[in-house]
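Undergrad: Sequence:
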Amino acid sequence: MVERHHDSFVAGQYFVAVAGMAAMRRILSRPSEGLPRIDDIRSVIEHYDEFPNNIHVDVVEHAVDSGYTAWAPAYDGPNPAIDAEQPRVRELLSSLEPGRALDAGCGTGRHAGHLAELGFETVGVDATEAMLDVARESYPGVAFRTGRLEALPLDDDSVDVIVSALAVCHAPDLGAVFAEFARVLAPGGTIIVSDPHPTTVLVGGVAGFRNPDADPAEGLTMPFVPNLHHPLSTYVNAAVGSGLEVAGCDEITYPESAIVANPAYAMVPDAVRQAYDGLPFVVVWRFCGPTG
14 MVERHHDSFV AGQYFVAVAG MAAMRRILSR PSEGLPRIDD IRSVIEHYDE FPNNIHVDVV
74 EHAVDSGYTA WAPAYDGPNP AIDAEQPRVR ELLSSLEPGR ALDAGCGTGR HAGHLAELGF
134 ETVGVDATEA MLDVARESYP GVAFRTGRLE ALPLDDDSVD VIVSALAVCH APDLGAVFAE
194 FARVLAPGGT IIVSDPHPTT VLVGGVAGFR NPDADPAEGL TMPFVPNLHH PLSTYVNAAV
254 GSGLEVAGCD EITYPESAIV ANPAYAMVPD AVRQAYDGLP FVVVWRFCGP TG
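The opening residue of the sequence shown carries number 14 in this note's numbering; numbering runs sequentially from there.
The reader is advised that the hints may include incorrect statements.
[Stated by the list, open to error] Pair ranges (Cβ atoms, derived):
#1 Glu63 / Leu131: 13 to 23 Å
#2 Leu241 / Tyr61: 29 to 39 Å
#3 Val23 / Leu245: 29 to 39 Å
#4 Gly256 / Ser108: 18 to 28 Å
#5 Gln26 / Asp89: 55 to 65 Å
#6 Pro244 / Gly201: 22 to 32 Å
#7 Asn67 / Arg196: 49 to 59 Å
In case anyone wonders, no lab produced these hints; they're calculated from the structure.
Just so you know, even glycine gets a beta-carbon here, dropped at the ideal spot from N, CA and C.
All chains, full assembly: derive it from the sequences and hints.
TA: Written out as structure tokens, the structure reads:
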């Protein structure tokens, strides 16, 4: 696997960071709720050299292809981002008439398989062969192709619906991505895009995964693929600039599964809840193509 950057921290430093984020969100408006987080920070610092505060964590950044190659076998779960976006995406899909569909950046094929179950003639496209291997095994009735969001292997006006889930966040140029979406979308078609919310990216949210068999006493390794920060306005401008119309936008806050999965939850649960309570976690967009 190709590593791009290697760094490290100890778990106690992360616990302090989360408690500090919680304190910052409360200290000016509700000091009585924020001040206990300062006590959390003090407690962690006083026991820095003790387990689990002293767990060493190696942080390894991967490029998109190498990261998702490593993540492919375990990508579908548990995955809090999927827990957050999938119900809303599937709700939107259920309201559409079956036709020709593209799952762009399909990964393990979970939305492509669901589209096929709904009666869509479906193709899934992804750049990572390891993800496509999982998709082909899981959904043998769906056509999967290798390709990138900026150069989709489809003809012009060839699909009625495009779904792209948790993938656009890795594209440096949203204008190029949405231009491709607009190219392959038939007149009057629908595009549904989910992504990590730009707020969660700004507070350090990455596409991180870990080895479930690791022994914390021996330290941990956290490989991740960085999420690029795209403000909401960037999506709008990229879509409108490609001739698409914005039909809706849902900002979904951190679900319970993401709260309790946070590595700090076992040590400072109140801090985790206060840090992430009400914070937007994923965004789900709906776009429409011109009718002709």
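Undergrad: Would you mind marking each hint as holding or not holding in the structure?
TA: Going down the list of hints, with the structure as the test:
1. For Glu63 and Leu131, the hinted distance range of 13 to 23 Å is not satisfied, since their beta carbons lie about 53 Å from each other.
2. Take Leu241 and Tyr61: their Cβ atoms lie about 33 Å apart, and the range 29 to 39 Å holds.
3. Evaluation of the 29 to 39 Å hint for Val23 and Leu245 yields a pass: the beta carbon distance comes to about 35 Å.
4. Separated by about 23 Å at the C-beta atoms, Gly256 and Ser108 satisfy the suggested range of 18 to 28 Å.
5. With their beta carbons about 31 Å apart, Gln26 and Asp89 fall outside the hinted range of 55 to 65 Å.
6. For Pro244 and Gly201, the hinted distance range of 22 to 32 Å is satisfied, since their beta carbons lie about 28 Å from each other.
7. Restraint check, Asn67 to Arg196: a C-beta distance of roughly 53 Å satisfies the suggested window 49 to 59 Å.
Figure legend: structure checked against the earlier numbered hints; hints not met, in rising order: 1, 5.
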